[in-house]
Structures are given as structure tokens and as C-alpha cells.
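What follows is the residue order along each chain.
2 protein chains.
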Amino acid sequence: MRKIFLFFILWSTTTAGYISAQENVAFTPKKRVISPEVNDDNTVTFRVFAPQASQVYVVGNWMDKDAAGQAGKAEMQRQDDYWIYRSPKLASDLFLYNIQVDNAIWSDPLNVYQIRDVGNIFNYFVTGGDQSSLYQVADVAHGTIAKRWYNSPTLGMNRRITVYTPPGYEMDKGEYPVLYLLHGMGGDEEAWPSLGRVAQIMDNLLAAGKIKPMLVVMPNGHVSNTAAPGESSKGQYPIDFFTPDVGTGKMEESFADVIGFVETNYRVKKQKAARAIAGLSMGGSHTLFISSYIPNTFDYIGLFSAAFRMNEKAESPVFDQFEKNLVKQRDNGYQLYWIGMGKEDFLYKTGKEYREKLDHIKMPYTYYESEGGHTWSNWRTYLTLFLPQLF
Amino acid sequence: MRKIFLFFILWSTTTAGYISAQENVAFTPKKRVISPEVNDDNTVTFRVFAPQASQVYVVGNWMDKDAAGQAGKAEMQRQDDYWIYRSPKLASDLFLYNIQVDNAIWSDPLNVYQIRDVGNIFNYFVTGGDQSSLYQVADVAHGTIAKRWYNSPTLGMNRRITVYTPPGYEMDKGEYPVLYLLHGMGGDEEAWPSLGRVAQIMDNLLAAGKIKPMLVVMPNGHVSNTAAPGESSKGQYPIDFFTPDVGTGKMEESFADVIGFVETNYRVKKQKAARAIAGLSMGGSHTLFISSYIPNTFDYIGLFSAAFRMNEKAESPVFDQFEKNLVKQRDNGYQLYWIGMGKEDFLYKTGKEYREKLDHIKMPYTYYESEGGHTWSNWRTYLTLFLPQLF
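These protein sequences, in sequence, are chains B and L.
For the record, in the first sequence the residue sitting at position 365 is 365 according to our numbering, with numbers rising by one throughout.
For the record, in the second sequence the residue sitting at position 112 is 112 according to our numbering, with numbers rising by one throughout.
Be a bit skeptical, because a hint or two may be false.
Which copy? The list can't say, so a pair holds if one copy fits it or any two copies do.
Claimed, not checked - Below, a list of computed lysine to any residue pairs in the SDA-like style, where the Cα atoms sit at most 25 Å apart:
no.: 1; residue 1: 65; residue 2: 54
no.: 2; residue 1: 269; residue 2: 169
no.: 3; residue 1: 269; residue 2: 328
no.: 4; residue 1: 270; residue 2: 169
no.: 5; residue 1: 269; residue 2: 33
no.: 6; residue 1: 89; residue 2: 63
no.: 7; residue 1: 89; residue 2: 270
no.: 8; residue 1: 234; residue 2: 92
no.: 9; residue 1: 234; residue 2: 141
no.: 10; residue 1: 362; residue 2: 115
no.: 11; residue 1: 272; residue 2: 230
no.: 12; residue 1: 210; residue 2: 233
no.: 13; residue 1: 269; residue 2: 168
no.: 14; residue 1: 89; residue 2: 233
no.: 15; residue 1: 270; residue 2: 168
no.: 16; residue 1: 234; residue 2: 146
no.: 17; residue 1: 313; residue 2: 86
no.: 18; residue 1: 173; residue 2: 265
no.: 19; residue 1: 89; residue 2: 234
no.: 20; residue 1: 173; residue 2: 333
no.: 21; residue 1: 173; residue 2: 261
no.: 22; residue 1: 352; residue 2: 170
no.: 23; residue 1: 234; residue 2: 161
no.: 24; residue 1: 210; residue 2: 150
no.: 25; residue 1: 357; residue 2: 346
no.: 26; residue 1: 234; residue 2: 245
no.: 27; residue 1: 173; residue 2: 150
Keep in mind that the hints were calculated from the coordinates and are not lab data.
In isolation and in its complexed conformation, chain B is listed as follows (with noise of 0.2 Å):
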């Protein structure tokens, strides 16, 4: 180990400071503090250094907000310059944090796992138990994302789309069934492999035997883009989260070029009985109007924490035909038809009333009620509980 050594030495040298990526070498090799660590209890460890600060929080997305809807926050206590904070036992499950230093919110540096939301980067982490072990990289078979991007005629662009393929789907001769998993308001085609941890689900509950081998889709829900924020010529924009093209019926109008694409594109069976759809808030405002509006086209159709009709003044054939479309999905048939929602969600009484509509037209469902809102807690919980059932 000698000259490797003697290399690592050469290079520290010639290369010393924090930032040196442009030496490739932003190795930090002194930087032992670990922030955050997990303990076996499933408290959490956090650490920052700040030297000349005079406040620091950890914000965390497990905290209680406080009475004026702010985040949560918990202080942190110094330790010369550094700052500890230790959580109590959280849950089983994926958390996102930031830190809160003097009134100004950063990412936490010791931290290099991170998450795009939106407009922001969280850092996160995994706590241990069943239910996360299932957001996890194990070691089994591991399927493949790909980020491919696809033609809409409808729409008059190339769009990018992210597909998770099997484990063996490459060398397999045989014909798959596809899930169309659809992101909300805030989301890309990026949300739901990221946030969603959707290869890493779909990994675990294949090797469990607890789902069968399907194709997953994930299209960029915003006709407006072409592609999530700097991945489209677009460039890196500052990402602005209200986008002009929420409700308008759009996606829904061209949703079969999606499926066009993937039935063209992918060993793919080209049955109803082998086609799922499901969305979260936004996508599952789509998800509920795509499936109405090509009414015999899915077998499996999944609500998770779904927004109804979410911009009344405009005009689609989706909508003007939206009660008639139904009663014919209805009357076409399907294999489960299934309804998420928190007891917290602000789109609780939405959801309420949507299912009241079902019920009116006599339109059978299945409904899952969960604590908490409108979260990727919930919407991760929905698919592991969703997938089992298809197929």
C-alpha cells in the first residue's frame, strides 16, 4: 500500500482545500463527523458544523408543525463547533431535513444524500424497521431505470419518460404488464424514482414474491415541459412550481401516445387485463380522468390522495364527457379501482366527494384511509399496498 499511499499523499498536496472538484478531489479525507447517523433505535444523530453561529435547527419533515403551519423545527445544542441534535425514535420510513442556521435554511454538507423536491434539495435518510427496508437497495435481483425520451404527436414534442424494467426483462422472451405511475403538482419524472423510491420497491416486493413482473412508467405530468428541470433545452431555470398547464386536460388528451410508446417500444402485453394506472393528488386527478376518458382501457386504476377537477374554466372532450365516460368505464369493467387518502389531507373532502359520486353511479371501489396527509409517506405506503393487487 506503500505508492497507493504516496499517491493519495501527491494528490492531497497539490490539491488541498475544501472545494477542489475540480481536481476531482474534493475527497475530504479528514471529515470523520458523520451527520446524520441512524442508531439501532431509530433515534437519528445530527451534526453541523458552524462555528460562529448563534442558532441551528434541524427541520424535519417528522416534526409536528407549529401552531403558524411553520415547519418543524428542533434546536440544536452546541458542541464547541460543532452542533448535536438527537431526534426521538422515528418511524420506519424515509425522512427529508434541512438546517436552519440563523434564520437562513441550507442542506445539511456532512450529508451527501439528497433529494430534489420541487424547488428545493432535502437531504434524507432511512430509518430501520419493515416498511423502510423496503426503500432500501438489497442485495437482490435489481431491475433497470432507464430515462428515455418518447415522441407525442398530441402534444408536438419529444418528452422524456422514466421506465423501470424488471430483473431478467432484458434476456426474456416473454410479454410484461405495465404500470402507468403518474407524479403530482410539484413533480417530474424524476419524483416518483427519487421520492418514490420506486426501483428500489419494486426490487424488494419482486424478490419477496409479493408482486408480479411488470414494466413501471413514469411520464413528466406537465405538458407544458418537456423534461424535469434541467434535463429539457430549458437549461437550469429557477424552478417555479405553478406551472400553466395544471388541469387543463392536456395530459389526459394525450396520454395514448404514452401508451403508444411503450406498447411499441417494450415486450408489452397489449390487454386491458395487463394495463394499470395510478397517480398521486395531480396525477391522481389524471389518472381518474385518463381511465374514464379511454374507458376500457385499464384493468387496474389506483387514486392515491387524488385531486379532482383541477382548473374548472377549461375546455377538454376529458371533461365535457366526464359523466358519461364514467358510467361506461363502469359499464366496460375492471379489477380494482382503488382509493387512497390520509385522514389528515387537505383533499380529504375532495376525495369524499368523489367517492360519493362513485357511489352514486354505483361504481364499485376499493378504499384504503390512512393517518397522516398528503405526503410521500403516504403515497410510498399506497404503492407497496397497491402493487400486490395487480396482475
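Use these hints to put chain L onto chain B, whose structure you have.
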């Protein structure tokens, strides 16, 4: 838009507060301050919210290091609760930076565009100009980036690999050539796709008709790991640059497994004339040892800022027979043996000695000497120079 606006207001008011990721609404609609802002003249303006800070710097990889070898930084000026800095005109490139606040280093929270380099997260931006236009997503046909897993019988493990397939590959019938592209000591199968902008460079050079359609295969060069940090069953561990597998010869010994996987799983040409291999730094060392160890396999070889033997004590047939293998490789012949090196690279002397070795045995090569050192800026440039010479 009335209803959607109401929807938005409802959403915002029920989930106020900065971190509301759990509610999927960290939308920060009021955060209209932009950082960084790349101006038309390639100056860049940075803005940081840090109301109680005493001293704030931009630490960027375009700045010269100081006398002590510390990373270059520029002091920001206070403007109310923000700190502002405008850079001089920058070259046409992709740049990395962080923010230093009162001696602690953070990411720029207004810039969601970030790349991990080894164990640190950096914000990035791309300036204008010809060279950097190759690094941006353009309105051209796009290839596919897939994250797959292959089996390495030699290493006895399944390993993650990134594969770029060119636009049209999936629906085409033809067979393609392959470039195997290897990362450095601090990298993994994510390095070339992220810091190296491989998908963008390939798409853009293909659209310009400057290169042949080909696959680019990017394996993980650390044989003690199965995948990049966070992507293996090791979970989200603190990243240690110093892996014990560097220079052991195992990557070279097991490389036939990668080729076997590609040639079994993809529609590629299985001839020397259709195989290229290139790598940076440690990956350059891998490249020169692999291409001589299996000395009639590649017609195109690229060494970017290549290291040579990185651990002189390691025993491997790869090293034992190196001089003989090199002569065999010379006698077998090849189309291109391309060497790129920066004048300020700390491996400059290593590279010079290697070229002398090649001169000594009259082994032909093409040498390109650039400005600068051991940098991703150079490696991206070398790739754009190497690719048009292939196949």
C-alpha cells in the same frame, strides 16, 4: 384559472413553512431571488440569504487557489439580508461552487442544480459559448441513459453500470460500436453521466453529425463496491474516498465480464474495430492495463490524465506481463492510442514517463497537451476531442 388558483392558495395555506416536503409542497412560490444568474456576458451573479452572517464567500472551481493551496474564493457583499457577488467573465464551461458562511461550507440553497463529486455536493452552472453548448440539453434527438446491473463472475457480484444508447437504438435493427468509458479514483458509475455530461455531449455531437452512433458503457471501477454510494445494499454510508481496491488489478482482470455483458445484452458489433476504451486518471490506468491485458480487443484507446501503476505491491497477471502485453498490443495493431494531459496536471510526470516507455518500444500514439490540470473541464474537453475519431 380561478379554481386552480384557489387550489394553490389552499395548498399553500395548509402547508405553509419552508420545509413542507412531507406535504410535497416545498414550492417556495415567494422565493423569486435567483442564484446563480448567468449573465449574457458570462459573468455570473450569486445571491445568498444569510441575514446574521459576518462574512460570506463564493468558493468556486474557476478561481485560482491561494498561496497555501486552498481553494479560491471571492468575498460577497452584504445587501440587506442577502449577500451578492458578481464574477468576472468566465470561460465556456460547466462550473462548480459552494458557499462559505462564517467558515462553514454549504450548498447554495437557491440553486437546486447540484452534482456529487466523491463525498461532497457542489452546485453547478453552465456558462454560454461553443464548448459549453455541448454540455447543455438541446432540442435534438436524445439517447437513453439506463442504470442496469450486470453479473461479474470474476468478482462474484452483481454490479451497477450506466449505459448510454444513442437515439433510435431501441427501434433500429443494426449493430453498434461501443465505447467503454472509465472514471477516476473518486468516481463511480455516476461520474461520467453527471460531471462528464456524457448524454448531452453524445446527443449534441451526434446531432451535429460529428460522431458515429455508438453505445457508451460506464461501469464502476471500484471492485470492492457493487454500485455508487447510496445505490447498493451498503445504504447511505459516509463516503470514504480511500477504497482498498485501487490498483489491485482486479478491475482489469474482471473487465471481460463487462464486455461479455454488453455483447450479450445489447445489439453491438463484436469486433475489435467496433470497440473503444477510455478513462480518466485511475480510469486511464485501467484503460492502459486492460487494453494491453486483452491486447487484441480494442482498436481505439484513450488515456485522459492517466495514472500508471497505482499500487506497486499488488500482485496480478495484469502487471506481471505488462511489458510483454504492451508489445503484443503494438504488434496486433490498433487505429488510435490517444493520450491527453494538462500541463499543470500532478500526473504530468507520470504521463511523460509512460510516453517514453511507448517511445522506447516504438508504440505509436497521438498526444494532446492542454492547459490546466487534473480537471473535469479537461476530461469533458478530451472526450469531445476523442469521440469524433472513433469508428
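For each hint, the structure was consulted:
no. : hint      : verdict
1   : 65 - 54   : within (23 Å within a copy, 30 Å between copies)
2   : 269 - 169 : both (13 Å within a copy, 22 Å between copies)
3   : 269 - 328 : within (23 Å within a copy, 51 Å between copies)
4   : 270 - 169 : both (16 Å within a copy, 22 Å between copies)
5   : 269 - 33  : neither (51 Å within a copy, 49 Å between copies)
6   : 89 - 63   : within (12 Å within a copy, 45 Å between copies)
7   : 89 - 270  : neither (47 Å within a copy, 55 Å between copies)
8   : 234 - 92  : between (38 Å within a copy, 18 Å between copies)
9   : 234 - 141 : between (37 Å within a copy, 15 Å between copies)
10  : 362 - 115 : neither (42 Å within a copy, 51 Å between copies)
11  : 272 - 230 : neither (35 Å within a copy, 37 Å between copies)
12  : 210 - 233 : between (40 Å within a copy, 20 Å between copies)
13  : 269 - 168 : both (16 Å within a copy, 22 Å between copies)
14  : 89 - 233  : between (44 Å within a copy, 23 Å between copies)
15  : 270 - 168 : both (20 Å within a copy, 22 Å between copies)
16  : 234 - 146 : both (21 Å within a copy, 23 Å between copies)
17  : 313 - 86  : neither (49 Å within a copy, 44 Å between copies)
18  : 173 - 265 : both (14 Å within a copy, 13 Å between copies)
19  : 89 - 234  : between (43 Å within a copy, 22 Å between copies)
20  : 173 - 333 : neither (30 Å within a copy, 39 Å between copies)
21  : 173 - 261 : both (19 Å within a copy, 17 Å between copies)
22  : 352 - 170 : neither (43 Å within a copy, 44 Å between copies)
23  : 234 - 161 : within (17 Å within a copy, 28 Å between copies)
24  : 210 - 150 : between (31 Å within a copy, 24 Å between copies)
25  : 357 - 346 : within (19 Å within a copy, 71 Å between copies)
26  : 234 - 245 : within (16 Å within a copy, 41 Å between copies)
27  : 173 - 150 : both (23 Å within a copy, 18 Å between copies)
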